[in-house]
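Chains as they are written, first to last, in the numbering used here: chain A, 1 to 200; chain B, 1 to 65.
Treat the hints loosely; a few may be bogus.
[Stated by the list, open to error] Looking from chain B toward chain A, a few residues come up when the C-beta cut is under 7 Å (computed):
(1) S28
(2) R39
(3) S43
Everything labelled a hint here was simulated from the structure, so no lab data went into it. Each residue gets a CB set at the ideal place from its N, CA and C atoms; glycine is no exception.
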Amino acid sequence: MTDTADPARKPRPVLWAVSSVLSALGVLGLWKSGAIEDAQAYILAVIPLGLMITAFVGKYRKGNARSAASRRYLGRIALLMVFYLATLFLAEYLIEDRGVTGAPAALVAFLPGLSFAGVIWVFGGLIVEEQDEFFRMLYVRQGLIATGISFTLAAIWGFLETYHVVEHVAAFWWPTIWCFGIGIGAVANKVTYGTYGECR
Amino acid sequence: MPVKNRLKVLRAERDWSQQDLAERLGVSRQSVNAIETGRYDPSLPLAFRIAEVFAMAIEDIFEKD
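Just chain A, same shape as in the assembly (with noise of 0.2 Å):
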């Protein structure tokens, strides 16, 4: 009789996930600082992408011991991340390559930030289809964790912009904190819970 054991819960698929997020910034960094051209760019590119596409496989083959709400979670995030990688290589292929501007530019700018609202829609169906109450109870902490880091540091750093104490931040930085805040909330369920849920 074990209490505390979980043989389905390996760590395996967050270190590809976390591969894939060096990967990226690696890839980045080099194309950013001209150390490669843009097709040895988008090929390299395949690295974090099929890194993450591995970590899913991963997270979806642990799959009996997950509830069915963050199976669910799992693959409508994977799609977003289809979604807005392919939205950002429009943007950077159609408005950075090929010159594109007016109208059709911000419509094609507009689309990558359209994942975020796709993030919350689908964090927000996690809490409302998931069955077990202590898991909603937990992604609500997560979502108001990650929602308290996000909005506290956009206003501070919005004050130091303005009062030139600081440099200008792209303000998609900002859901890009509330994604990682979800990280932390999942860290503080584990201390104060006990587990880190199912989603993080």
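Go by the hints and put chain B onto chain A.
Frame of chain A; chain B shown alone:
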């Protein structure tokens, strides 16, 4: 108001693992663990379900700390 419960003892008497009890309740093993360790107090519907699984009254399982 802090609430104590006898979940761990009742489960041990029946030789059920946390996973066994979780499956009977239709919740996650983590939920059972959080309730047992007093980190989480279940809702009234879940408390009724727990009482039903153990065939006991709620007040025989949960009490004021």
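Q: Taking the numbered hints from earlier one at a time, note which ones the structure violates and give those numbers from smallest to largest.
A: none
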